[in-house]
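Novice: Single-letter residue listing:
Number of protein chains: 2
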Amino acid sequence: MAKGASLSGFPEWLPSQRVVEQTMIDTLRHVFELNGFVGIETRAVEPGSSLLKKGDTSKEIYLLSRLQEVGHEDGKPVEDRLGLHFDLTVPLSRYVLEHSGDLTFPFKRWQIQKVWRGERPQEGRFREFVQADIDVIGNGELPDHYEVELPLVMVSALEALRPYGCPKATVHANNRKLSEGFYRGLGLTDIEGVLREIDKLDKIGPDEVCKLLVSQCGASQAQATACLELAGLTADDGEELRDGFDRLCSSHGIEEDSQSYALARQGLDTLAMIVDEAARIRPGAVVADLKIARGLDYYTGSVYETFLEGAESLGSICSGGRYDNLASQGSRVYPGVGLSIGLSRLLSYMLSQAGAHASRVSPAAVLVAVWNEDDRSRSNHIADALRQRGIAADVAPTAAKIGKQIKYADHLGIPYVWFPAQPGDEADGDQVKNIVTGSQEPAQVVSWTPDSLFSQQSVQSLSDAD
Amino acid sequence: MAKGASLSGFPEWLPSQRVVEQTMIDTLRHVFELNGFVGIETRAVEPGSSLLKKGDTSKEIYLLSRLQEVGHEDGKPVEDRLGLHFDLTVPLSRYVLEHSGDLTFPFKRWQIQKVWRGERPQEGRFREFVQADIDVIGNGELPDHYEVELPLVMVSALEALRPYGCPKATVHANNRKLSEGFYRGLGLTDIEGVLREIDKLDKIGPDEVCKLLVSQCGASQAQATACLELAGLTADDGEELRDGFDRLCSSHGIEEDSQSYALARQGLDTLAMIVDEAARIRPGAVVADLKIARGLDYYTGSVYETFLEGAESLGSICSGGRYDNLASQGSRVYPGVGLSIGLSRLLSYMLSQAGAHASRVSPAAVLVAVWNEDDRSRSNHIADALRQRGIAADVAPTAAKIGKQIKYADHLGIPYVWFPAQPGDEADGDQVKNIVTGSQEPAQVVSWTPDSLFSQQSVQSLSDAD
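Protein sequences, first through last, are from chains A and B. To convert, note that position 297 of the first sequence is 297 in the working numbering; the numbers rise steadily by one, no gaps. To convert, note that position 271 of the second sequence is 271 in the working numbering; the numbers rise steadily by one, no gaps.
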């Protein structure tokens with residue numbers, strides 16, 4: 001096979017980098033399971049009809065054709081073809097409907113899988129990447145306490161990545177109802193349009209957003225300024241949030257007995273509950289930040305974005321919200337709250353900026369040397385006996401000079417080399433050498449254990465180096 | 001979203017079934033890592049040009065188109081399009097060439113990932129499924145001891161699945177050179193054809209194969225009979241194998257000083273080494289079985305199939321072999337030996353026949369009850385304190401009647417329900433109830449631990465039930 005060129009947008013990691021990714025996945029899963037989330041995996045494909053109707057990303061689908069169908073593809077409507085999923089939310093809503101009779105609600109699930117986006121290749125955009133999602137789905141109704149619990153689970157999951165170099169994470173929360181009520185109170189009607197422009201604040205700044213609100217959303221200068229004032233509001237606790245919001249309303253003439261205020265108030269109450277309850281459980285983890293808008297149109301209440309301290313340019317690495325209408329069947333609705341970590345992008349950052357690295361490439365703690373090929377069987381037996389005791393062991397590939405065997409261990413980061421007694425000198429017993437520290441000692445397969453510092457492959461951050 | 005119909009060939013598991021799949025994956029990975037294999041993950045797509053040239057399965061590719069390209073697909077040659085990988089061997093060979101400078105050889109890797117086959121839908125065939133592969137790739141050369149070590153790693157991996165109901169596995173090994181040498185010694189020239197027909201033995205029986213050898217491969221009746229005699233040879237040790245083979249050669253006039261015999265002899269020596277060494281390390285794990293042919297044309301030496309005791313109708317659940325020519329770059333070749341478990345098919349069997357089942361749906365060991373919504377914070381604190389101590393905990397979704405909260409725990413299989421002290425009666429302390437045994441006792445978050453029988457979600461086999 002010819003050398004394959006690497007494909008833009010399809011990241012692939014070297015073994016030592018993959019150790020970091022695998023450890024991150026294991027860690028997230030552990031936290032999700034500690035919190036009682038149930039793991040599922042959905043098929044990679046969905047019908048085009050499901051993929052096309054959801055959100056911005058529906059423009060970026062990869063469609064499939066069987067090789068036998070090539071040349072006859074044009075006849076088939078996109079809706080009837082299969083496509084790769086572009087997120088884990090569309091598959092979840094389909095899974096819940098398909099299996100509703102077999103699930104216990106509220107259904108709390110975690111899911112870590114690849115997703116695909118058929119974008120034009122461009123710098124820094126992945127076309128295949130891993131997402132790590134948690135969602136809770138109610139049958140008919142869903143209590144709003146999940147709107148604070150889910151972001152807190154994500155914060156503790158990200159917290160568990162800090163030993164590998166992940167910076168402190170803070171969830172920035174807003175509420176769609178709050179924004180919508182305020183905009184309507186101002187007299188604006190193109191709510192989705194305003195949200196879309198406000199979502200650009202971090203990218204293009206307030207002056208440009210102001211211009212767009214006027215030119216695209218029919219806002220007056222005063223209305224646009226009011227929208228930006230709302231977007232400027234942040235708060236660590238409910239009281240501060242209520243005070244700030246009510247001050248804005250009164251200064252822009254939004255009456256407390258108006259329909260618009262009533263709508264905004266629903267969102268305000270939920271958001272105040274979220275920041276207050278979060279502060280009780282994990283102070284500093286969640287702040288109210290009224291510029292958070294989120295591009296996807298399926299959110300109906302809380303929306304979240306998550307930023308890493310000192311890595312704000314990375315943008316949000318974990319986003320989500322509440323969606324009351326994503327899944328329904330007849331008159332039955334399945335409201336949900338969920339967040340999704342963009343794992344591949346976070347991994348890229350961890351590898352390139354945070355200095356996350358594997359303590360070694362190989363999972364083996366020890367390499368058993370081979371004096372000569374006729375004697376390989378004995379080395380195999382030693383390795384097998386160590387494995388029986390849970391110690392990961394490799395055996396030298398060839399009975400090369402011992403220096404070469406040690407070099408093989410060194411390349412893979414295997415810390416110990418085991419020397420079976422020389423053939424003929426079995427009475428002398430085996431020896432094991434720590435090739436990092438240089439110390440060598442007699443060892444027996446039934447009792448030897450690696451020093452705890454060297455026993456397991458692990459992931460370290462830059463600050464652990466040296 | 002409308003209810004999605006489940007898609008034929010794209011299996012998806014309920015949460016309790018997924019626990020079995022995840023546990024199998026974790027177990028296999030553990031054994032692979034104990035043996036010093038390094039984990040990698042490759043992208044899901046490869047260029048059509050790579051996918052088209054390898055083996056039988058190349059007829060079953062799924063090709064991708066970006067939504068924007070729909071309608072312009074016909075202009076692009078299949079070779080230049082992207083397709084989903086149909087196995088993990090083609091991606092591995094590409095990965096090795098692409099990253100050869102960054103890998104340590106021999107490169108021992110494990111890889112557990114989904115693969116896709118764009119087949120016509122039919123009963124019992126998966127179009128998306130999980131494979132669990134191990135391979136070792138040499139740079140230039142690869143010692144033949146790996147041809148016994150890799151099947152033994154797979155046997156110990158399958159052995160580790162036995163507590164979940166997986167039957168005893170036996171690897172059946174043959175060698176392409178042995179078969180080819182024998183066929184050539186008989187005067188046959190269409191070696192691939194003969195292997196292809198012999199591969200059908202278990203499906204259509206010796207009489208039909210005999211007819212096909214005559215009609216399709218230009219064999220005389222005597223040659224066809226000789227091929228079937230060879231296919232009938234099995235042996236547990238090298239001496240028995242050599243004796244049986246040499247008897248067949250002399251009875252069919254294949255001279256020991258012929259070129260054909262010399263070729264067969266290479267294969268015979270390797271196969272004899274494999275069964276003898278395997279018998280020393282793990283008696284009964286590997287037998288020589290000269291009917292094993294394997295459909296794929298890239299094998300050049302050893303070939304393996306693996307059968308489960310009492311589940312022979314399932315066919316081989318773990319197959320592979322040695323391939324000397326899969327990857328090359330200029331004059332440099334990368335020979336390999338590998339085996340692949342068809343994990344989804346094995347999982348189907350484990351669920352439907354072997355009675356593998358999860359001890360519970362939820363990973364949580366305990367559900368913390370909520371007396372009333374105003375008091376939810378206290379329940380959250382209890383759950384959090386338990387999680388800090390590594391005990392997976394969930395909190396009741398609503399402050400419903402306690403009977404309903406217990407029912408929620410019961411549906412998810414959560415064995416314990418934690419009752420915070422009633423508001424106002426905090427001095428009485430908390431209580432925890434095992435809803436399986438019915439016992440209830442006072443408990444403190446700082447010290448309580450679940451009974452070991454109930455502490456972890458686990459997988460059991462039929463015989464563990466009740």
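Hints are supplied without guarantee of correctness; some may be wrong.
Unchecked claim - 25 Å max Cα-Cα, derived DSS-like pairs, lysine-lysine:
| id | chain 1 | residue 1 | chain 2 | residue 2 |
| --- | --- | --- | --- | --- |
| 1 | B | Lys76 | A | Lys76 |
| 2 | B | Lys59 | A | Lys76 |
| 3 | B | Lys76 | A | Lys59 |
| 4 | B | Lys168 | B | Lys211 |
| 5 | A | Lys53 | A | Lys76 |
| 6 | B | Lys53 | B | Lys211 |
| 7 | B | Lys114 | A | Lys114 |
| 8 | B | Lys114 | B | Lys211 |
Said to hold, decoys possible - Cβ pair distances, simulated, as ranges:
| id | chain 1 | residue 1 | chain 2 | residue 2 | range |
| --- | --- | --- | --- | --- | --- |
| 9 | A | Leu453 | B | Gly424 | 48 to 54 Å |
| 10 | A | Gly101 | B | Ser455 | 26 to 32 Å |
| 11 | A | Gln444 | B | Gln266 | 35 to 41 Å |
I should point out that these hints are in silico values taken from the structure, not numbers from a laboratory. These figures come from a predicted structure and were not determined experimentally. Quick reminder that beta carbons are idealized off the backbone N, C-alpha and C, glycines included.
Novice: Run through the hints listed earlier and report the numbers of any the structure violates, in increasing order.
Specialist: The structure breaks hints 4, 6, 8; every other hint is satisfied.
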